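Construct the entire structure; sequences and hints are all you get.
Number of protein chains: 2
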Amino acid sequence: MRSVCVVGVGMSKWGEVWRMSFRDLHTEAALNAIRDAGVDRLDALYVGCMSGGLFVGQEHLASLLTDYMGMRGIPAMRVESACASGGMAFRAAFIEVASGMSDIVMASGVEKMTDCAPDDATSALASAADQEYEVFHGATFPGLYAMMAHAHMAKYGTTREMLSAVAVKNHQNGAKNPVAQYPFEITREQVEKSVMIADPLRILDCSPITDGAAAVIVTTEEVAKSLGKPYIKVLGSGVGTDTIALAQRQDLTTLRAVTLAAQRALDMAGKKIDEINFAEVHDCFTIAEIMVAEAIGKYEPGKAGQAILAGETGREGAFPINTSGGLKSKGHPVGATGIAQVVEVYKQLTGIAENGRQIPGSPTIGMTQNMGGSGGSSVVHIMEVAS
Amino acid sequence: MRSVCVVGVGMSKWGEVWRMSFRDLHTEAALNAIRDAGVDRLDALYVGCMSGGLFVGQEHLASLLTDYMGMRGIPAMRVESACASGGMAFRAAFIEVASGMSDIVMASGVEKMTDCAPDDATSALASAADQEYEVFHGATFPGLYAMMAHAHMAKYGTTREMLSAVAVKNHQNGAKNPVAQYPFEITREQVEKSVMIADPLRILDCSPITDGAAAVIVTTEEVAKSLGKPYIKVLGSGVGTDTIALAQRQDLTTLRAVTLAAQRALDMAGKKIDEINFAEVHDCFTIAEIMVAEAIGKYEPGKAGQAILAGETGREGAFPINTSGGLKSKGHPVGATGIAQVVEVYKQLTGIAENGRQIPGSPTIGMTQNMGGSGGSSVVHIMEVAS
Numbered sequence: 060m061r062s063v064c065v066v067g068v069g070m071s072k073w074g075e076v077w078r079m080s081f082r083d084l085h086t087e088a089a090l091n092a093i094r095d096a097g098v099d100r101l102d103a104l105y106v107g108c109m110s111g112g113l114f115v116g117q118e119h120l121a122s123l124l125t126d127y128m129g130m131r132g133i134p135a136m137r138v139e140s141a142c143a144s145g146g147m148a149f150r151a152a153f154i155e156v157a158s159g160m161s162d163i164v165m166a167s168g169v170e171k172m173t174d175c176a177p178d179d180a181t182s183a184l185a186s187a188a189d190q191e192y193e194v195f196h197g198a199t200f201p202g203l204y205a206m207m208a209h210a211h212m213a214k215y216g217t218t219r220e221m222l223s224a225v226a227v228k229n230h231q232n233g234a235k236n237p238v239a240q241y242p243f244e245i246t247r248e249q250v251e252k253s254v255m256i257a258d259p260l261r262i263l264d265c266s267p268i269t270d271g272a273a274a275v276i277v278t279t280e281e282v283a284k285s286l287g288k289p290y291i292k293v294l295g296s297g298v299g300t301d302t303i304a305l306a307q308r309q310d311l312t313t314l315r316a317v318t319l320a321a322q323r324a325l326d327m328a329g330k331k332i333d334e335i336n337f338a339e340v341h342d343c344f345t346i347a348e349i350m351v352a353e354a355i356g357k358y359e360p361g362k363a364g365q366a367i368l369a370g371e372t373g374r375e376g377a378f379p380i381n382t383s384g385g386l387k388s389k390g391h392p393v394g395a396t397g398i399a400q401v402v403e404v405y406k407q408l409t410g411i412a413e414n415g416r417q418i419p420g421s422p423t424i425g426m427t428q429n430m431g432g433s434g435g436s437s438v439v440h441i442m443e444v445a446s
Numbered sequence: 060m061r062s063v064c065v066v067g068v069g070m071s072k073w074g075e076v077w078r079m080s081f082r083d084l085h086t087e088a089a090l091n092a093i094r095d096a097g098v099d100r101l102d103a104l105y106v107g108c109m110s111g112g113l114f115v116g117q118e119h120l121a122s123l124l125t126d127y128m129g130m131r132g133i134p135a136m137r138v139e140s141a142c143a144s145g146g147m148a149f150r151a152a153f154i155e156v157a158s159g160m161s162d163i164v165m166a167s168g169v170e171k172m173t174d175c176a177p178d179d180a181t182s183a184l185a186s187a188a189d190q191e192y193e194v195f196h197g198a199t200f201p202g203l204y205a206m207m208a209h210a211h212m213a214k215y216g217t218t219r220e221m222l223s224a225v226a227v228k229n230h231q232n233g234a235k236n237p238v239a240q241y242p243f244e245i246t247r248e249q250v251e252k253s254v255m256i257a258d259p260l261r262i263l264d265c266s267p268i269t270d271g272a273a274a275v276i277v278t279t280e281e282v283a284k285s286l287g288k289p290y291i292k293v294l295g296s297g298v299g300t301d302t303i304a305l306a307q308r309q310d311l312t313t314l315r316a317v318t319l320a321a322q323r324a325l326d327m328a329g330k331k332i333d334e335i336n337f338a339e340v341h342d343c344f345t346i347a348e349i350m351v352a353e354a355i356g357k358y359e360p361g362k363a364g365q366a367i368l369a370g371e372t373g374r375e376g377a378f379p380i381n382t383s384g385g386l387k388s389k390g391h392p393v394g395a396t397g398i399a400q401v402v403e404v405y406k407q408l409t410g411i412a413e414n415g416r417q418i419p420g421s422p423t424i425g426m427t428q429n430m431g432g433s434g435g436s437s438v439v440h441i442m443e444v445a446s
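Chains as they are written, first to last, in the working numbering: chain A, 60 to 446; chain B, 60 to 446.
Check before you lean on any hint, since a few could be wrong.
Examples of chain B residues toward chain A, derived with CB under 7 Å [unchecked claim]:
no. : residue
1   : 139
2   : 147
3   : 282
4   : 285
5   : 286
6   : 287
7   : 288
8   : 410
9   : 421
To be clear, the hints were calculated from the coordinates, so they are not data collected in a lab. Predicted model, so just to flag it, every value in this text is computed and none were measured. Beta carbons: idealized from backbone N, C-alpha and C, even for Gly.
In structure tokens:
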């Protein structure tokens, strides 16, 4: 397999972006990435999108988006794994370049979620759960994650304060991210007084409904070098799956798909988890960040909450998590989230994170962890700055 | 890139399959393919599905289907390009094996279309057209292909009799296919007296709404040999895209995405179109088979209709097309269609096509051509029997 690099990144504005359509959002992010990388062609596009059908009535979207970015004719494919769709698109682009099939591939992600009514958005998101055993009976994701939170609290003594610490930290980071949907700090008191959604999860424990897109240019090391821009190398890629229905899990407090994905990515990279300097992880709810930090092997089961309270995962801590603001503050346009994680790792590794968001001490290896549904799928990548 | 083979195939029953759910259909096809190949593990799954969201309210389906086929944990990804989703899944599996990332990969496709009302199925399918410029104004696919048919008739003198000949031929073939939805012959008179859907297309010019799944095992030549089963080699893979809205095409009588895909696949295979012995093509409507036969370069523009009338594309003709019965007679569960095309090419090349459906003279090279929407995307593969 050939060595694979990321050489340019682009984002659209994230939030409730009424002035832009689904295709407009993607075009903005895609052209920003092309401009950033300085490439003059693309050999293929992989776009992650969870549900063009349910959110905006549009499937067949890879061809459409290729056309609107001015690349009509090139091979294009949409990939989907619920909220892990972006990370899966990045993996597909990685494999295509590694295989020798293509030299310059765009991996992108997009979701336009605010064009439907809030109830419809919740229903569309619920299609990532088991239609027959969860959705039919009325389950939605805040409820599913609330059950996982209760189980984690009961088994390990995880506290309300620990959940709040995730939200407060991620908003501290997101306040420095120019594309974030909610770029402001929040206090523990605000989190704990916010409206209850599904006990114990309050609205400030939940990532928002977001319109947005992100894109990165994936290429060979030879092309990356020739462009004369900073670039990073992809050392490892791993995917894991699990039952998508919580009822069929043996244990609600672990995320097996995440553990499998992380182990596979680390094995491929030839690295141990303690060699990773920082991570962007899938904090769709505050409890998810705690469970993921354990599932990737960074903390023992039941120990991540204490580490977060102690500041270990803050921007100046031993293992910064979600310096971008995470899904919580930056926003969560589901298909785009996994690509935006790569954007943040690229920025941190090449030292261009904006507004004083840069991790001190020049980190050299970062991880992205993207997750579908309540952990039915996960995709992890390990990336290193080119020396 | 490594040499890539297909070593086992499986299908579910196709039709209005009320007794089986979305996940059941896929499981049946997947287990049939695993049994046929004799493999004892899978390294990954790529599943093509156009719209789990709109047809059955289920996204995140790759993890779900992996779980239900007994493979919980392995990497899995769903790919989509409307009715070309199956062919795209096959391409993704091909690239993954070629890259060295995995040795044994399943490519599958599934769609459960009859669980929603007929109007809803038509609306779901319409999401493969341009939501803003076609669907919003009421366009559905019979209407879009009817416009293409009128343009082709006006420019080249293509006749009603030529359209009918496609339907009659494909039902002759489908009558010999044990999984076909409509396994019976029809006459020209029946086609031409059938109810009008969108002039000039009558109901017997249209492929049906179908439930069904298909799966194939994609692997290295080393593994294929070790299994001791007949296998075929994938020589070339090509994808092309085009505007998905007809209004933005310069010419309604050509299919540029198909031409690009065929050229790219032939170039990769190092073959000319006249070296291909037979093809499975995307006859979603009778006019589509005529236009595709021209777009792949087999016939000059405007000449395919005459060749079909003359019997050239019959099972015993010079260039058999759709010996499986095609989408017209076999059925068209949109995400599964591209995989079922590979199944037919595998059967013809290894000499196991059922019920006297075998092409005479031991063909050695076959082509699949799968298409999304009104030609906004297409994927072509060239396969050769292993000697």
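Going through the hints against the structure:
About 5 Å separates the beta-carbon of residue 139(B) from the nearest beta-carbon of chain A, less than 7 Å, and the hint is met. Below 7 Å, beta-carbon pairs count as interface contacts, and residue 147(B) has one with chain A at about 5 Å; its hint therefore holds. Hint status for residue 282(B): violated, given a least beta-carbon distance of 17 Å to chain A, over 7 Å. Restraint check, residue 285(B) versus chain A: the minimum CB separation of about 22 Å is more than 7 Å; hint violated.
Here the hint on residue 286(B) is broken, as its CB sits about 23 Å from the closest CB of chain A, past 7 Å. Taken as an interface hint, residue 287(B) does not check out: its beta carbon lies about 27 Å from the nearest beta carbon of chain A, beyond 7 Å. Interface restraint check for residue 288(B): the shortest CB-CB distance to chain A comes to about 25 Å, outside 7 Å, so the restraint is violated. Because the smallest distance between the Cβ of residue 410(B) and any Cβ of chain A comes to about 31 Å, over 7 Å, the interface hint for this residue is violated.
Because the beta carbon of residue 421(B) sits about 31 Å from the nearest beta carbon in chain A, more than 7 Å, this interface hint is broken.
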